[in-house]
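Student: Sequence:
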Amino acid sequence: MNDPAPKPMATYRLQFNPEFRLSDAQALASYFGRLGVTHVYASPVLRARTGSTHGYDVVDCSTINPQLGDWTDLRTLATSLHAYGMALLLDIVPNHMAASLENPYWRDVLTYGSCSPFARWFDIDWRLPDRAMWGRVLVPILGEPRKRVLAEDQIRLTWSEGRFLIGYFDHRLPVDPATIPMICLFGLSAFRDQLGGDRALVDPLMTILKHLRTLPKIAVRQRRRVSIDRDETEEWLGRFAQLALQSPRFEHWVEATAAAFGRDSGGRRRLENLLDAQPYRLVHWRDAARAINYRRFFDINELISLRQEDPQVFEETHAAVLRWIADGTIDALRIDHVDGLRDPLGYLNRLNEKCRAAGKRTPIFVEKILARDEELPRSWPVEGTTGYEFLSDVEAVFVAPEGAALIHRQYRRSVRRPVTFARLAAAGKRRVLRHDLSPHVGRLADILARLYETTRKGISPAGEELVPSLAVEPLSSDSRPPADATAAAAAESASASSATLPRPRELSEHDWVSAIVEVVVALPVYRTYVDGKHRALSDADRRVYETAIAAARETGRAAPEALDFLAHVLLLEGRGELNPRDLDERVNFIQRFQQLTGPAAAKGIEDTALYVYVPFVALNEVGSEPRLPAESAVDALHRKNAARAATWPRTMLCVTTHDTKRTADVRARLDVLSEAPKLWTGLVARWQRRHARYRRLAGNVRTPDAAAEILCYQTIVGIWPIPDANEPTRLPTAEVLREICERVEQYMLKAVREAKTYTSWTNNDRAYEEGLLAFVRTILAPPADQESSNANASPFLADVQRLVARIVRSGFWNSLARTLIQFASPGTPDLYQGDELWNFALVDPDNRRPVDYAARQALLQSVVSGIEADAAARSEFVQELVAAPEDGRV
Numbered sequence: 009m010n011d012p013a014p015k016p017m018a019t020y021r022l023q024f025n026p027e028f029r030l031s032d033a034q035a036l037a038s039y040f041g042r043l044g045v046t047h048v049y050a051s052p053v054l055r056a057r058t059g060s061t062h063g064y065d066v067v068d069c070s071t072i073n074p075q076l077g078d079w080t081d082l083r084t085l086a087t088s089l090h091a092y093g094m095a096l097l098l099d100i101v102p103n104h105m106a107a108s109l110e111n112p113y114w115r116d117v118l119t120y121g122s123c124s125p126f127a128r129w130f131d132i133d134w135r136l137p138d139r140a141m142w143g144r145v146l147v148p149i150l151g152e153p154r155k156r157v158l159a160e161d162q163i164r165l166t167w168s169e170g171r172f173l174i175g176y177f178d179h180r181l182p183v184d185p186a187t188i189p190m191i192c193l194f195g196l197s198a199f200r201d202q203l204g205g206d207r208a209l210v211d212p213l214m215t216i217l218k219h220l221r222t223l224p225k226i227a228v229r230q231r232r233r234v235s236i237d238r239d240e241t242e243e244w245l246g247r248f249a250q251l252a253l254q255s256p257r258f259e260h261w262v263e264a265t266a267a268a269f270g271r272d273s274g275g276r277r278r279l280e281n282l283l284d285a286q287p288y289r290l291v292h293w294r295d296a297a298r299a300i301n302y303r304r305f306f307d308i309n310e311l312i313s314l315r316q317e318d319p320q321v322f323e324e325t326h327a328a329v330l331r332w333i334a335d336g337t338i339d340a341l342r343i344d345h346v347d348g349l350r351d352p353l354g355y356l357n358r359l360n361e362k363c364r365a366a367g368k369r370t371p372i373f374v375e376k377i378l379a380r381d382e383e384l385p386r387s388w389p390v391e392g393t394t395g396y397e398f399l400s401d402v403e404a405v406f407v408a409p410e411g412a413a414l415i416h417r418q419y420r421r422s423v424r425r426p427v428t429f430a431r432l433a434a435a436g437k438r439r440v441l442r443h444d445l446s447p448h449v450g451r452l453a454d455i456l457a458r459l460y461e462t463t464r465k466g467i468s469p470a471g472e473e474l475v476p477s478l479a480v481e482p483l484s485s486d487s488r489p490p491a492d493a494t495a496a497a498a499a500e501s502a503s504a505s506s507a508t509l510p511r512p513r514e515l516s517e518h519d520w521v522s523a524i525v526e527v528v529v530a531l532p533v534y535r536t537y538v539d540g541k542h543r544a545l546s547d548a549d550r551r552v553y554e555t556a557i558a559a560a561r562e563t564g565r566a567a568p569e570a571l572d573f574l575a576h577v578l579l580l581e582g583r584g585e586l587n588p589r590d591l592d593e594r595v596n597f598i599q600r601f602q603q604l605t606g607p608a609a610a611k612g613i614e615d616t617a618l619y620v621y622v623p624f625v626a627l628n629e630v631g632s633e634p635r636l637p638a639e640s641a642v643d644a645l646h647r648k649n650a651a652r653a654a655t656w657p658r659t660m661l662c663v664t665t666h667d668t669k670r671t672a673d674v675r676a677r678l679d680v681l682s683e684a685p686k687l688w689t690g691l692v693a694r695w696q697r698r699h700a701r702y703r704r705l706a707g708n709v710r711t712p713d714a715a716a717e718i719l720c721y722q723t724i725v726g727i728w729p730i731p732d733a734n735e736p737t738r739l740p741t742a743e744v745l746r747e748i749c750e751r752v753e754q755y756m757l758k759a760v761r762e763a764k765t766y767t768s769w770t771n772n773d774r775a776y777e778e779g780l781l782a783f784v785r786t787i788l789a790p791p792a793d794q795e796s797s798n799a800n801a802s803p804f805l806a807d808v809q810r811l812v813a814r815i816v817r818s819g820f821w822n823s824l825a826r827t828l829i830q831f832a833s834p835g836t837p838d839l840y841q842g843d844e845l846w847n848f849a850l851v852d853p854d855n856r857r858p859v860d861y862a863a864r865q866a867l868l869q870s871v872v873s874g875i876e877a878d879a880a881a882r883s884e885f886v887q888e889l890v891a892a893p894e895d896g897r898v
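Taking the working numbering, the leading residue of the sequence shown gets 9, the next gets one more, and so forth.
Be careful, since some hints might not be right.
What the hints assert, rightly or not - Below, in silico cross-link-like pairs of lysine-lysine (DSSO-like), each with a Cα-Cα straight-line distance of 27 Å or less:
(1) K15 - K362
(2) K225 - K155
(3) K541 - K362
(4) K15 - K368
(5) K15 - K648
(6) K368 - K541
Quick caveat, the hints were computed from the structure, so don't treat them as lab data.
Sequences and hints are given; from them, build the entire structure.
Tutor: Here is the structure:
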């Protein structure tokens, strides 16, 4: 393992899960080597939640996920790859962990609150405007409001495994040690009656309770900045558990005491008081959309963000990965969601320094979505991105602009919605910010309002830092002279590029929220990169903010005065007049603002607008916009390839990933429709007329609506099985049709929920969804008697079969041409698992289905044998491949 790892030349992405483990990949090492792979690109392997199918919900940064194997399996995989001249590239997740009770660090925070040594790990705002919530973290796991849950006895206090636990279905939450006396003192009367004469139990219990009663309650800890000696407290809790272990009578008393918290009105009041005393607040899961006080991965309550800007957090969360890099097991890294980090540049620099300190030059790739004409910051010490910008560039080459334009026009007539994608994207971002991400917007609005007030009054911002792990750092208590805001404002113009301070007037929370929302909506990139070290805007970031502020003004949706001050802060106007502490406060706000804009774009565009605007879904891809490709798409690709060669020559080039909406082969087939637009639009119009009777009325809406129906047709055509070359019009078997139906049902349900037009993940419209699924089942129903040719097939199935038979080979040639461009372009081509053969799959979970590697190895061997034959036989073999591309060998 001491030999230097190869430079990245070609990567092969593997999705590990309980059905495809590390040992399974090790057995395929020789196959990957024969493919020409230099780096096997592994999905996350750190311990994740039980049953995780993807590994991005890490619960322990220090160990291998046992569902995938163990340390020996990882080492054996690396050894096997090295033996074949390959290397191992690992996907790591520095941005977040699972907020799961399987996570020992999170569990410790729920036990000790801000006194936990792991409190600094997580991006938690311990001081909300509501002082009753100070020092508490919201845990949104209840299926109903808490009062109803308590009334129905769904929450129970139990004694299990030597601990008091608060149980709610499968959840077992810890109890703050400072509240254990609340439990035991209630049962003391029974204790004295039953065990009062046993001094071997009485004396130790009284001593333990005496200590635990000295622990400050949560409110005192936050008000007076009092901490808890965690290690000593754990020792006392261990003594309590030992008493129960040694004495069945004592354990019976503990269990009976716990059971008295509930069952009747008095017990429910006791339980409610106990819950109120915990360093967490159990709430209905819907409350997360308005009140959650920890930063999440996007809007997923179960994934809590980490504070990698803290060197200690970095060291502790990266210890295992850095150890594997040092010993040569891991050769390269992929950084998931780098835009979620507070300081991406600082993080990447620290990671590089650690790798170099171990004597390794570790290639690093970042998952980063670049907007049109946006460049990756050249100061970043990385090989490049994971390649979505290349996917977008190359996709445009295979779309006929005039044909796509005709399809778009027909779509607009059909849906009767002449709205552009840009407007739908803005609406998607606005909706996400106003709902799913509203707690984070609200906290930013609070800080902006405080900055405004202190600037207006000419005093230094005031506030206190509770612990270093605040989600939004409070304003400082520095007493140094503030900046002269009036003088600073007078030095700047009132244009969008140089905002002035607003005229003094009272601005409401709504004003600040609207200003933040509208600027984020108008932001043309995922995020900017102001960091705490340099505390300045790059020219590119300044242009981004100027553009967004100007666009926000034009909407008229936000108060001009609020926009003025937000611009003043974002553009760091008058920074020369600010003292260091005040400048830090401004930069702190900007850094938190930057962590909001990426999730808003991802959720508002990728996970909303791309499912709403669906005229031609080959263009609806991660990092892309469904805009009509320009006539100069080829020239644009050459220009961007030249730029990549000059600046990021080893950046990844992907065409399919675990996150893409469709595989490259599906898009290649759909691209052909832009070359036959009249055929396609004619068929869609025919199917809409024919299937009108299958649409149900759900409230005031027909299901599916026109957009969902058109999406459904594209989806069916995109994943339709490859026709038999000898019988191109013969339908798939009934079993295959049922499988297609299940996949389309699953996809369409996800699509309409993501679109959020008539139903969503959080507000299911069952009537709409059931009508949609019934529509899919009806149009894809197999013929009653398939053996009597296609005579009994529905006209729709026959149409689809004929259409796919007509365009399938053109789709093949598109795929092959795309692959040739991918492998000939500057960069590192990335192959997603299974894509070495034709792969017609949709977004996850459809693209996570098992890969038949035995078939692929056999086909590869036949190709190698044919290529290695003599000249005449090789020529004949190549002609055979081209003549019969259906088997995928070509």
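Student: Are any of the numbered hints broken by this structure? If so, which, sorted upward?
Tutor: none
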